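For any residue, its number in the numbering used here is found by taking its place in the sequence shown, counting from 1, and adding 90.
These are computed hints drawn from the structure, not numbers from a lab. One or more hints might be untrue.
With a straight-line Cα cutoff of 16 Å, these simulated EDC-like cross-link-like pairs (lysine to aspartate or glutamate) come out [said to hold, decoys possible]:
1. Lys248 x Glu183
2. Lys99 x Glu183
3. Lys242 x Asp135
4. Lys172 x Asp182
5. Lys242 x Glu105
6. Lys94 x Glu183
Please read all numbers here as calculations on a predicted model, not as lab measurements.
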Amino acid sequence: MEDKINFTKFQKRTELLSVIALCFLFMYIVSNWSSIPARIPSHYDMNGVMITNRSSKSSLLLLPVISLAIYVLLTVVLFFPKTWNIPVKVTDENRARVYVVTRSMLCVLKLLTMLLFISITVSLVKMREPWISFFIILFGGFFGVLGGFTVKIIKTSKPVDILD
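Let the hints inform the model, and build the full structure from the sequences given.
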């Protein structure tokens, strides 16, 4: 039994923010293209301070292309719940609840991914050192989302007791 489960308001808003972030990424590169130097930093040392390699500014075009590919892939995956690796047994009773929570997690992860690509792009275009603290916070966000939603999926999968 495979019922269509509609997107929640939260999921729709998160999707909209992801699309806005993706569009911003493309527009940011296009609007700043003429001011970007011919060679840009492409690698930093372990501390994120010293530039250890430079590349052509055309290498910046890979970032929005990769982010678009990730966006499309994750969007397609959202519509095929049977492909999701869910940490609980999905039954007819819990399917709708588990799928809604899992889809919310995927929507948030997609948004965080778009924000990661924006931060990398802005850092490269502005020729500034990457803000290591921000990346730590962002990756902490990824793991926090994964952990928090995994716990919620496990709790959601348990049978609902009408008397509680």
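To see whether the hints hold, each was checked on the structure:
1. Lys248 x Glu183: Holds, at about 9 Å.
2. Lys99 x Glu183: Given pair Lys99, Glu183 is violated - Cα atoms ~23 Å apart, limit 16 Å.
3. Lys242 x Asp135: 38 Å, violated
4. Lys172 x Asp182: 13 Å, holds
5. Lys242 x Glu105: 20 Å, violated
6. Lys94 x Glu183: Holds, at about 14 Å.
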